[in-house]
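Chemist: Given chain A, work out where chain B should sit, using these hints.
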Amino acid sequence: MSRETFRLTVNGASYEVTAPDRKTLGDALREDCGLTGTHLGCEHGVCGTCTVIVDGRPVRSCLMFARQAEGAQVRTVEGLAKGDTLHPLQQAFIDAHALQCGFCTPGFLMLIVGALEQDPDMTEEDLAHVLSSNLCRCTGYASIARAALAAYPRPAPAAE
Amino acid sequence: MKAPPFTLHRPATVDEAVALLADLADEGALVLAGGQSLVPMMALRLAYPPDLIDINGIAGLDRIEVSGDHLVIGALARHHDFRRPVAPGPFGALLAHISGEIAHYPIRTRGTFCGSLAHADPASEWCLTAATLGAEMVLQSQAGRRAVPVAEWFEGAMATVREPEELLVEVRLSRPAEDAVWGFYEFNRRAGDFAIGAALAGYRLEGGAMRDVRIGVGAVEEVPRRLEEVEAALEGEAPGPEAFRTAAEIAARAVEPLEDFATPADYRRDLAVTVIERALLEAGADRPDQRGMAA
Numbered sequence: 001m002s003r004e005t006f007r008l009t010v011n012g013a014s015y016e017v018t019a020p021d022r023k024t025l026g027d028a029l030r031e032d033c034g035l036t037g038t039h040l041g042c043e044h045g046v047c048g049t050c051t052v053i054v055d056g057r058p059v060r061s062c063l064m065f066a067r068q069a070e071g072a073q074v075r076t077v078e079g080l081a082k083g084d085t086l087h088p089l090q091q092a093f094i095d096a097h098a099l100q101c102g103f104c105t106p107g108f109l110m111l112i113v114g115a116l117e118q119d120p121d122m123t124e125e126d127l128a129h130v131l132s133s134n135l136c137r138c139t140g141y142a143s144i145a146r147a148a149l150a151a152y153p154r155p156a157p158a159a160e
Numbered sequence: 001m002k003a004p005p006f007t008l009h010r011p012a013t014v015d016e017a018v019a020l021l022a023d024l025a026d027e028g029a030l031v032l033a034g035g036q037s038l039v040p041m042m043a044l045r046l047a048y049p050p051d052l053i054d055i056n057g058i059a060g061l062d063r064i065e066v067s068g069d070h071l072v073i074g075a076l077a078r079h080h081d082f083r084r085p086v087a088p089g090p091f092g093a094l095l096a097h098i099s100g101e102i103a104h105y106p107i108r109t110r111g112t113f114c115g116s117l118a119h120a121d122p123a124s125e126w127c128l129t130a131a132t133l134g135a136e137m138v139l140q141s142q143a144g145r146r147a148v149p150v151a152e153w154f155e156g157a158m159a160t161v162r163e164p165e166e167l168l169v170e171v172r173l174s175r176p177a178e179d180a181v182w183g184f185y186e187f188n189r190r191a192g193d194f195a196i197g198a199a200l201a202g203y204r205l206e207g208g209a210m211r212d213v214r215i216g217v218g219a220v221e222e223v224p225r226r227l228e229e230v231e232a233a234l235e236g237e238a239p240g241p242e243a244f245r246t247a248a249e250i251a252a253r254a255v256e257p258l259e260d261f262a263t264p265a266d267y268r269r270d271l272a273v274t275v276i277e278r279a280l281l282e283a284g285a286d287r288p289d290q291r292g293m294a295a
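Chains as they are written, first to last, in this note's numbering: chain A, 1 to 160; chain B, 1 to 295.
This is chain A alone, in the form it adopts within the complex:
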């Protein structure tokens, strides 16, 4: 099994990682970068809990090997707040009670931030489809949708 040393750039900081090729980006973030905000759930791309942003696009970090992120800009939940000021979406999650156990929360935050930065013009319906990407076993999703809409207000649908 080959083992390589390479660098990952996460939230603007550089980390040296020595890992076997099979190590996923999600595992490397947690174990080698010490960034345990990213949670691993199903580890085969279904639950979305491990979602991070790579070069501007939200991706499942369990479906990318760590070495594939060499040279890329990776963003995780640790990079959302500016010092003591939460990201508007983080504050909206608190205000809308969009989390209970909190396990899926980092994935939802990075999913919503990543998708709306990529496609700022998306409609409320598009946003609902985006939210269907990730699983939450506690909230029933309605409060997550409310938080997303509070942080990223969508224009009312055009009248027919």
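By construction, these hints were calculated from the structure, which means they are not laboratory data.
Remember, predicted model here, so these are calculated numbers, not experimental data.
C-beta: ideal position from N, C-alpha, C; glycine also.
Don't take each hint at face value.
What the hints assert, rightly or not - Here are the computed lysine to aspartate or glutamate pairs in the EDC-like style, where the Cα-Cα straight-line distance is at most 16 Å: (1) B:LYS2 <-> A:GLU31; (2) B:LYS2 <-> A:ASP27; (3) A:LYS23 <-> A:GLU4; (4) A:LYS23 <-> B:ASP54; (5) A:LYS23 <-> B:ASP51; (6) A:LYS23 <-> A:GLU70.
Unchecked claim - Stretch-level coverage of chain A by chain B, calculated; a stretch enters the list once three of its residues show a Cβ under 8 Å from a Cβ in chain B: (7) 11-22; (8) 31-39; (9) 65-71; (10) 93-103; (11) 142-154.
Said to hold, decoys possible - Incomplete in silico selection of chain B near chain A, CB under 10 Å: (12) PRO5; (13) MET42; (14) SER67; (15) HIS80; (16) THR109; (17) GLN140; (18) SER141; (19) PHE187; (20) ALA191.
Modeler: Chain B in isolation, oriented as in the chain A frame:
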């Protein structure tokens, strides 16, 4: 679960990639593009490649370009790259619509069009698109290049004529007539799941009659394909709910449906009729984004 151990190779050029394939394909090396099907298969221990040849670092493979009568789609064009029209008129709008039906947003940002054709899942939206519109798969190995028409591409579920040492470098998707109208409909039980029935339908209107009718069905049989019996029943007819229903019902006799623990063959047979009818109804609906250039 974690993927079984393997060695990751990161070639910088297509030549390097095909050289690696020439060396390692016999031992089971696989190409890693978007990885949204292959990596889960490895995590579930359904695939044990000793080597992965990661093509994500190869410059220029992400191109999507109109060229004459087809659209050139490079091996690293992601599903996500089709969300805004990549070609003028109804063709670009159709591809945008279909791309939005593939899995979920963060899967689409990584998964690739060519990867879908190489993986050849019966439920693949892009395999259905290629089978219905027509396409050529361009394969490269150290022996050179060859182009395989879509009619000869699929050998069965998740099986194609690609040789292990060949890299699918691009797909040339045929451009439909500019005045054709299209509809796509897929059914699954939850948003983003694999389709259990999907149809792509299109036609041109000439003096009130349907011409050049295309009906493709996917996720029903091992391989997506056009249903010539259904196309023939619509050719020359006036579009409308009754004509659509009558023709779609022919599909029930034409298909040999897949069966699995959750979906009996008869259910898929009924679904084939429904998805074709709904795709036709969508094609027939007058929507500005689907109108031809002449409209």
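Chemist: Each of the hints needs a verdict: does it hold here or not?
Modeler: Here is how each hint holds up against the structure:
1. B:LYS2 <-> A:GLU31: holds (14 Å)
2. B:LYS2 <-> A:ASP27: Holds, because 10 Å separates the two Cα atoms, which is no more than 16 Å.
3. A:LYS23 <-> A:GLU4: holds (11 Å)
4. A:LYS23 <-> B:ASP54: holds (15 Å)
5. A:LYS23 <-> B:ASP51: holds (14 Å)
6. A:LYS23 <-> A:GLU70: holds (13 Å)
7. 11-22: With 3 residues close enough to chain B, the hint holds.
8. 31-39: This one is violated; 0 residues, fewer than the three required, reach chain B with a Cβ under 8 Å.
9. 65-71: With 3 residues in contact (Cβ-Cβ under 8 Å with chain B), the coverage given for the segment 65-71 of chain A holds.
10. 93-103: violated (count 0)
11. 142-154: As far as the segment 142-154 of chain A goes, the hint is violated, because 0 residues have Cβ atoms under 8 Å from chain B.
12. PRO5: Because about 4 Å separates B:PRO5 from the closest Cβ in chain A, which is inside the 10 Å limit, the hint holds.
13. MET42: holds (8 Å)
14. SER67: violated (26 Å)
15. HIS80: Holds, about 7 Å.
16. THR109: holds (4 Å)
17. GLN140: violated (22 Å)
18. SER141: violated (24 Å)
19. PHE187: Violated: closest Cβ of chain A sits about 16 Å from B:PHE187, beyond 10 Å.
20. ALA191: holds (4 Å)
Of the numbered hints given earlier, the model fails hints 8, 10, 11, 14, 17, 18 and 19; all others are met.
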